[in-house]
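There are 4 protein chains.
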Amino acid sequence: MSKMRANVFLAKNKIEVREVERPHAGVGEAVIRITLTTICGTDLHIVRGEYPVKSGLVIGHEPVGVIEELGEGISGYEIGDRVLVGAITPCGQCRACLSGHLSQCGRGEGYEALGGWRFGNSINGAQAEYLLVPNAQANLAKIPPELTDEQVVLLADIASTGFGGAESANIRIGDSVVVFAQGPIGLCATAGAKLMGASLIIGIDGDETRLQMAKKMGADVVLDYRDADVIAEVKKLTGGGADVTIEALGTQQTFESALRVLRPGGTLSSLGVYSGKLQIPYDAFAAGIGDHRIVTTLCPGGKERMRRLMETVRMGRVDLRPLLTHTFSLNQICDAYDLFGERLDGVLKVAIKP
Amino acid sequence: MSKMRANVFLAKNKIEVREVERPHAGVGEAVIRITLTTICGTDLHIVRGEYPVKSGLVIGHEPVGVIEELGEGISGYEIGDRVLVGAITPCGQCRACLSGHLSQCGRGEGYEALGGWRFGNSINGAQAEYLLVPNAQANLAKIPPELTDEQVVLLADIASTGFGGAESANIRIGDSVVVFAQGPIGLCATAGAKLMGASLIIGIDGDETRLQMAKKMGADVVLDYRDADVIAEVKKLTGGGADVTIEALGTQQTFESALRVLRPGGTLSSLGVYSGKLQIPYDAFAAGIGDHRIVTTLCPGGKERMRRLMETVRMGRVDLRPLLTHTFSLNQICDAYDLFGERLDGVLKVAIKP
Amino acid sequence: MSKMRANVFLAKNKIEVREVERPHAGVGEAVIRITLTTICGTDLHIVRGEYPVKSGLVIGHEPVGVIEELGEGISGYEIGDRVLVGAITPCGQCRACLSGHLSQCGRGEGYEALGGWRFGNSINGAQAEYLLVPNAQANLAKIPPELTDEQVVLLADIASTGFGGAESANIRIGDSVVVFAQGPIGLCATAGAKLMGASLIIGIDGDETRLQMAKKMGADVVLDYRDADVIAEVKKLTGGGADVTIEALGTQQTFESALRVLRPGGTLSSLGVYSGKLQIPYDAFAAGIGDHRIVTTLCPGGKERMRRLMETVRMGRVDLRPLLTHTFSLNQICDAYDLFGERLDGVLKVAIKP
Amino acid sequence: MSKMRANVFLAKNKIEVREVERPHAGVGEAVIRITLTTICGTDLHIVRGEYPVKSGLVIGHEPVGVIEELGEGISGYEIGDRVLVGAITPCGQCRACLSGHLSQCGRGEGYEALGGWRFGNSINGAQAEYLLVPNAQANLAKIPPELTDEQVVLLADIASTGFGGAESANIRIGDSVVVFAQGPIGLCATAGAKLMGASLIIGIDGDETRLQMAKKMGADVVLDYRDADVIAEVKKLTGGGADVTIEALGTQQTFESALRVLRPGGTLSSLGVYSGKLQIPYDAFAAGIGDHRIVTTLCPGGKERMRRLMETVRMGRVDLRPLLTHTFSLNQICDAYDLFGERLDGVLKVAIKP
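Residue numbers (the numbering used here), protein chains in the order written: chain A, 801 to 1154; chain B, 801 to 1154; chain C, 801 to 1154; chain D, 801 to 1154.
Honestly, the hints are just simulated from the structure, not real lab data.
Note that the coordinates shown come from a computational prediction; the quantities given were computed from them, not determined experimentally.
Hints should not be assumed to be uniformly reliable.
Just so you know, same-sequence chains aren't split out, so a pair can sit in one copy or run between any two.
Quick list of in silico lysine to aspartate or glutamate cross-link-like pairs, DMTMM-like style, CA-CA up to 25 angstroms [unchecked claim]:
#	residue 1	residue 2
1	Lys942	Glu909
2	Lys1077	Glu1056
3	Lys1036	Glu1111
4	Lys854	Asp1145
5	Lys1015	Asp1119
6	Lys854	Asp1007
7	Lys1077	Asp1135
8	Lys854	Glu878
9	Lys1016	Asp1119
10	Lys1035	Glu912
11	Lys1015	Glu1033
If we strip away everything but chain A, and leave its shape as in the complex, we get (with noise of 0.2 angstroms):
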């Protein structure tokens, strides 16, 4: 039985490269190697042992790589074609999937709460060796040849993510939206707000390095949340309360913001994930007839959506490669979470080869 090097979860705080076994394509599979992957905020929340897994399993969910076998049932690619596979892997023959809702996919069966989402979840992920698509036929989507895998490792879950929160906001032209916290998933929905035609975008955080990508990404005006009265800073921006905003961390504090700066009848489009109880404050909600809403967001999948994505940066509308602020082998992934779950060197991403 062949052997492959990968990042797998042991404990809490205990990660390791080791060697696995190396999969192989059953009915409806594939297996591509991985020639680039990266490290996600997830992840980290995983290692921390915030985010259960089981004891074993290999992590990461953002591939980039080489169709390397075929399993039956799959038609249209050929071993060797390079392929982006979303973070999530939507059957797309269940329920939840034909109706709409891929990200939360059942399987084949209905619902299944973030069931789209198995990639080093609930099924061995990307930061190894080879990498075993399910519902490849769904999945796996070519890359054009002019672009890089640095161009497009980013689109597997935090362009789609963060373009994911402008777009389940129907941003529309003309709209003002302010994007709390400006990490990789707020960057991106910056970007996702730029892209949609909004026409005055507010970017909040407290990292001036952050605040200056948020300008690079879309940004018209930044404020840094430590110095600036952000409340009354948007109000008087958006004369009298935003038509969207986008929550982009997963805090009670910047929930809360977003809905204290939206105008009546505007939407929060929230992208962060939350432990613990979140507040609704009445007055900010207008005690809940202000005809708000709030719509919440996993990464949207699927092959057609990596492909649309892929279609943005290759026509020059989005280039994320700034994003892409370090360089690893998968020997070195120990480090490489270090530093970036210590925020250290100005990090924002970092890509991880194989």
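Here the structure of chain A is known, so what remains is to put chains B, C and D in place on it, guided by the hints.
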């Protein structure tokens, strides 16, 4: 100066039918002689001092009447026309109205939270012999001759709100819908869900009379929260979670339950008026990444809304008269408040005739 | 090699029940034993040579049956399960399907016009003892035990199409809707408009039996185009033009009338299959600037669609059995085609039992 | 009675700058002193007798000016305020307006086809020293001090229309869009598609100057229909058909091509004004069952629309000044019509200064 009788809010727990000045129509306004009105749960909040209005205000916001005066700038109406006026009276000409957010009307300017609700809130209301209607061109809805006052009075607020809860949720043919609380608003939400093609409608309450009425208004199954494990029962009936839930009370418990029985990707449509902090349990909310939507609705108003609702009554799609359980004269309105406030005698809504 | 009987298209106006090879399930496929099917207007077009299919094809696309074989890669089903399969069998995994355009399925690749329609078109169909179901995971819808075959067979195509016409038009509570032609599809569009909350539904046809059935399915007013000035009458009944019109025949005249009675800003939902040039009279179209919308719909398919439609039947929202006017065995199917093709004996739909 | 100069339509091919009565503001109205206006293609149709207006009418519908008089019932404005007024002046208070169909405004009553277009159509227009603005509360949009007249004048009609074509098509991030004809409206549709996140924008025209301008406004690829096989080329570039096509001319040929290059399930957004019968070839239309949508748009108006468009200019999202190729005084307007009508000297739009 001519006078009229009206129900005046004086102080907490103190209302009185008094002689006050009769209004006259300025530019863009009309005066109607009230022929039928009713009491709303919101009026109770006002009387109890839970929602602040200024002393001396005539309260009530559900008017049916006959045009008595027409100010300059109004066309297409004549003195004597029977009209229904919505609880919400948008100007049609401000930023909010021109964006379709009629309930958050800013009256010529931008957005104002709940700004479309003026009767018995920021200007004199409908529990009186005469009522000044602002922005009359946008708000006087002629009543078809074949409809009685009793058939249309509940459209002004509760039907518009209840149906609005179903509409904001975008209920589709075949959806499963749960309506929490079967008071007047919840009963109308139940009727609205039925009108929009929901295939399974579950009504929840703790009052047997209301549960019986819920069946009459369209519920397929009713659950008494005093006996049933509502969460478990709904999950069983819906195969894992409802497509849409409607909150029609305004409490932490109903809101939370409405979230707990929602499937991933589902919509919680909130109609209740909340006070204090509302909490979103992160487990029921799939940590914020279940593709859930929470939408809120303030009673849609304006003459076109009223026209549409009257058409649904005229064509026999819905009959709200069973909800009008009691009748009082304006002079007896304090008795009506007592009955309504204490939920005596199976009361749902009371008819007030000046 | 085992054999089965099936209705085979041989040449224009030539069909025959013959022995053909019985299908077997490959990867991702299933075979069902047909227990009930029917004949569609489209089958008539095929037999008459108006829609080309290759000689030797088994026709028919409305199957109810029992699972006989399950190929590799299918889970959640057992031999013997009773299932309904939609006329359209999307793969769920191509660009079109993942974008929600299931009827224009490209089977693993991009879009293919009408590509989701395979039964009796590009592969063997349902007028047979056995049927091979492609992409079975996405297309086998289990029938609730309380429903008979007769209650669900018409959901496969005509109800899904007719309701789809109402849904594509986004019918809202209080809309006025006109349905042109009250054949099986038009009758289901009428039922769909009723289900979605239209307050006024006008059914048009020239056949008294169908107009009577239209009333049963939800029409408030029926107009016989042989007697009535349909355009004038509809404009009068709707106060100047309908909010929505549905074309359910596929002729220049019905399409044009559907446009003439539409109000500015209204939606024409077209279900008909047209041949030759279709003309849009510029006057009825307000020279192209009346904010009109013309939407077209091919029968939505897939197991989730079928599940939802079965729920509407199970919960008593609609009963299509009155449309199933005649019953034939598979051996008698040529007689059934004659009756159906010549519209004898008040026929609407025929049940075919293998 | 004071007088003013204005461009008056007298008869087919006969316009003249004359002294006419200066307007005064009645209830709900305002008078503005025009500081900048322009000529629209529709004005050419009027002058050529192709669109009928009554003799003696002042034409033009794209006004920038300064408030000179305010009638009763208007609040929030002062004499001297600089304002932009949309070509379409909805009342905000009729059935159509309250339903969101502002361009089909019935002025207090129901729907009227194109009823929102009044300037230079049913009432005196903007090619004059002064202009009476009806429903002024809904239609006077204050110009931010940092914007010049030249920066905003094209928002009144062509940008609102062109962007509207992109908006009605619901363009999404990653869509491929083809815009047929790159006149002023088409160029704005191109800019609108770019603003909304289309990843591939193809502009079609037969005029080299306009194709160059199309690139400046956002087209990625331009095709000259005189050299290229547009249908084949677009199909190749889009991998089988565009997600959205926009028709911006109003001819059978552009409409038909816009349908031929559309993928199944795609949207044709039509902006052209058609005359005579428009034909839909059934092959390009997939016989009516390709899930295609055809949507039409009349220039969205009202002060909120103008405010939003001015925000896109103020924040640097779009700059329409390159389209304003020539400047004339009101006295020279007949020369301007000649130049514009004969498309001399690379003219796109002309500035007219009273």
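Do the hints match the structure? See the list:
Proximity of Lys942 and Glu909 under a CA criterion of 25 angstroms is satisfied inter-copy only: 11 angstroms between copies versus 28 angstroms inside one chain copy. In this homomeric assembly, Lys1077 and Glu1056 come within 25 angstroms of each other (Cα to Cα) both inside a single copy, at 12 angstroms, and across copies, at 11 angstroms. Only between protomers do Lys1036 and Glu1111 lie at most 25 angstroms apart by alpha-carbon distance; the minimum there is 15 angstroms, versus 37 angstroms within a single protomer. Proximity of Lys854 to Asp1145 under the C-alpha cut-off of 25 angstroms is found in neither arrangement, the shortest distances being 31 angstroms within a copy and 58 angstroms between copies.
With identical chains, the CA atoms of Lys1015 and Asp1119 are at most 25 angstroms apart both within one copy (13 angstroms) and between copies (20 angstroms). Taking the closest pair of Cα atoms, Lys854 and Asp1007 never come within 25 angstroms of each other, the shortest separation being 34 angstroms inside a single copy and 47 angstroms across copies. Taking the shortest Cα distances, Lys1077 and Asp1135 never come within 25 angstroms of each other, neither inside one copy (33 angstroms) nor across copies (43 angstroms). When the C-alpha separation of Lys854 and Glu878 is checked against a cutoff of 25 angstroms, the pair qualifies neither within a copy, at 33 angstroms, nor between copies, at 31 angstroms.
In this assembly of identical chains, the alpha carbons of Lys1016 and Asp1119 lie at most 25 angstroms apart whether taken from the same copy (10 angstroms) or from different copies (20 angstroms). For the homomeric pair Lys1035 and Glu912, the shortest alpha-carbon distance between copies (13 angstroms) is at most 25 angstroms, but the shortest distance inside one copy (39 angstroms) is not. Only within a single protomer do Lys1015 and Glu1033 lie at most 25 angstroms apart by alpha-carbon distance; the minimum there is 17 angstroms, versus 37 angstroms between protomers.
Checked against the numbered hints given earlier, this structure breaks hints 4, 6, 7 and 8; the rest are met.
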